[in-house]
Each structure stands twice: as C-alpha cells, then as structure tokens.
Amino acid sequence: EDQVTQSPEALRLQEGESSSLNCSYTVSGLRGLFWYRQDPGKGPEFLFTLYSAGEEKEKERLKATLTKKESFLHITAPKPEDSATYLCAVPFGNEKLTFGTGTRLTIIP
Amino acid sequence: DGGITQSPKYLFRKEGQNVTLSCEQNLNHDAMYWYRQDPGQGLRLIYYSQIVNDFQKGDIAEGYSVSREKKESFPLTVTSAQKNPTAFYLCASSMTGWGNQPQHFGDGTRLSIL
Numbered sequence: 001e002d003q004v005t006q007s008p009e010a011l012r013l014q015e016g017e018s019s020s021l022n023c024s025y026t027v028s029g030l031r032g033l034f035w036y037r038q039d040p041g042k043g044p045e046f047l048f049t050l051y052s053a054g055e056e057k058e059k060e061r062l063k064a065t066l067t068k069k070e071s072f073l074h075i076t077a078p079k080p081e082d083s084a085t086y087l088c089a090v091p092f093g094n095e096k097l098t099f100g101t102g103t104r105l106t107i108i109p
Numbered sequence: 001d002g003g004i005t006q007s008p009k010y011l012f013r014k015e016g017q018n019v020t021l022s023c024e025q026n027l028n029h030d031a032m033y034w035y036r037q038d039p040g041q042g043l044r045l046i047y048y049s050q051i052v053n054d055f056q057k058g059d060i061a062e063g064y065s066v067s068r069e070k071k072e073s074f075p076l077t078v079t080s081a082q083k084n085p086t087a088f089y090l091c092a093s094s095m096t097g098w099g100n101q102p103q104h105f106g107d108g109t110r111l112s113i114l
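Here the protein sequences line up with chains A and B, keeping their order. Just so we're aligned: 58 in the numbering used here is position 58 of the first sequence, and the numbers increase by one with no gaps anywhere. Just so we're aligned: 61 in the numbering used here is position 61 of the second sequence, and the numbers increase by one with no gaps anywhere.
Because the hints were derived from the structure by calculation, they are not lab data. All C-beta atoms, glycine included, are put in the ideal place defined by N, C-alpha and C. Warning: the hint list may mix true and false statements.
As the list claims (entries may be wrong) - Covered stretches of chain B (in silico footprint by chain A; criterion: 3 or more residues with CB under 8 Å from a CB of chain A, positions within the stretch not fixed): (1) 13–21; (2) 36–45; (3) 66–80.
Claimed, not checked - Simulated pairs of lysine-lysine, DSS-like, Cα-Cα distance not exceeding 30 Å: (4) A:K79 with B:K9; (5) A:K69 with B:K71; (6) A:K42 with B:K14; (7) B:K9 with A:K96; (8) B:K71 with A:K63; (9) A:K79 with A:K96; (10) B:K9 with A:K69; (11) A:K69 with B:K14; (12) B:K71 with A:K42; (13) A:K96 with B:K71; (14) B:K57 with A:K42; (15) A:K59 with B:K83; (16) B:K83 with B:K14; (17) A:K42 with B:K83.
Stated by the list, open to error - Example chain B residues on the side facing chain A (calculated, C-beta under 10 Å, incomplete): (18) Q6; (19) Y33; (20) F88.
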C-alpha cells in the first residue's frame, strides 16, 4: 500500500535547539518528494523538491535530504517564527500526490 | 503577484443546501486540484483536473462536484449529499498534471454547518 509516514507528530524545541523531522515512504521508483510548511489557517507553502537519493536542498535554517526510503528536514538553530506544521508529499502513480499527516513544530523562545 | 485565490475564507452551509467554493489561479498552470483537510489527517484529494474541460475523481469525490470551463478557474460544489462537509478545503495548482511537479496552494476555505 502506498504510504507516507511523518514522525514525530509533534515536536517542541527551545530556540536554537537543532533537530530533524522524518518522512518515510513506500513507493518503488520515487519520482520526487516535496516538503511544505503550513501555518494555522493557511494553505501549505512549498519549500523543496527532492528527486534522487543523496540530493540536498537548503533554505535559511532548513535543509532537506533524501535517501531511498526516507527524507529528513533538518532545522538548525530554529527561531520562534519557524513554528508551523511541516508536510511531506510523494507522487504515487502519474498524477496524484499522497501527503503525510505532518509534524507540528513549536519553537519556544 | 501570481498565485491562487480561494473565496470565501469562511462559509456556512445549512442542511440540504449546496454551496460553491471558488478557486482562481493566475499562474498559467494546466492542472488544478481540490483537497480536504481534517484535524489529524493528511490532505485528501477530492477532484483534480489536468486540462480545461476535463476532470477526474480523487479519493473522496462522493458528495462533491466540479467544473473546469476556464484554465484559471476550478470551482468546487459541496452538495447536500456530502453528510460531513465540515472541513478546511484547499485548492492547488501545478504547471502540468504530472505528479512530479510541485503543487502550489491557496489559503483555503473553512466550511461549517449551521
């Protein structure tokens, strides 16, 4: 069964405390993996696309990495404004994305 | 600025009533999508359209209908047949309908039952 699993469900960090979020998937022939950030009451904001194992993308304090079975979103020295829900999504089949349920990240000042 | 506009932001439905959610994009994207988001669940696909005048059912299409008469517009109607319509509805678009393209989202419509 096609599945995208994110962990942990929720994560609370002190400001400046680095950590990683995980997105694991079951699909053969990965054709891409997407990371999004979602603030309360808003639509998801696109962050990164990763296409092949070993690929890395960075944006400010965020770095996304990809292996054959999972992706990590590393957050370095986070600030309170990084608090949000982070979603990953994987295409299964030619047309549709399957989304994980997200990790709710809270950064405490 | 290019983007996706959803309206209204909040919508209330009476029992037995159909309501229509608007989604407009000026990104010149071919493909458009409607998702439903419930607490604790991932985004679930309702309908999608890869090209004008064509659309396909997603995973939870029952009780919903769509049209795609113009490239920039993809309205969603929540019919009275949808018995649990209370949710956050998100519209998205992508450059093409191939799943390896990122989707870009509007800011959603929250639908509640009166």
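Hint consistency between K83 (chain B) and K14 (chain B) [alpha-carbon to alpha-carbon, up to 30 Å]: At roughly 12 Å apart (the allowed maximum being 30 Å), K14 (chain B) and K83 (chain B) satisfy the hint.
Between the alpha carbons of K42 (chain A) and K14 (chain B), is the straight-line distance 30 Å or under? holds, 24 Å
For K9 (chain B) and K69 (chain A), compute the direct alpha-carbon distance and say whether it is at most 30 Å. Between K9 (chain B) and K69 (chain A) the Cα gap is close to 37 Å, so the pair fails against 30 Å, i.e. violated.
Given the hint that K79 (chain A) pairs with K9 (chain B), test it: the Cα-Cα distance must not exceed 30 Å. holds, 29 Å
With a cut-off of 30 Å on the C-alpha distance, tell me whether K79 (chain A) and K96 (chain A) pass. Outside the cut-off at roughly 33 Å; violated.
Proximity test - 8 Å, beta-carbon atoms, the stretch 66–80 of chain B to chain A, at least three hits: violated (count 0)
Hey, K69 (chain A) versus K14 (chain B), does the alpha-carbon distance stay inside 30 Å? Roughly 46 Å between the alpha carbons, so the hint for K69 (chain A) and K14 (chain B) is violated.
Using a Cβ cutoff of 8 Å, are there at least 3 residues of the stretch 36–45 of chain B near chain A, or does the coverage claim fail? Held - the stretch 36–45 of chain B has 5 residues with a Cβ nearer than 8 Å to chain A, which meets the minimum of three.
Hint check, F88 (chain B) versus chain A [nearest Cβ-Cβ separation less than 10 Å]: Status holds, d = 8 Å.
Tell me if Q6 (chain B) is really an interface residue toward chain A, meaning its C-beta lies closer than 10 Å to one of theirs. The hint holds - Q6 (chain B) has a Cβ within 10 Å of chain A, the shortest such distance being about 8 Å.
Regarding the pair K71 (chain B) and K42 (chain A), is the alpha-carbon distance no greater than 30 Å? Holds. K71 (chain B) to K42 (chain A) sits at ~24 Å (cutoff 30 Å).
How about Y33 (chain B): closest beta carbon in chain A under 10 Å, or not? holds, 8 Å
Against the hints set out earlier in the document, violations occur for numbers 1, 3, 5, 8, 9, 10, 11, 15.
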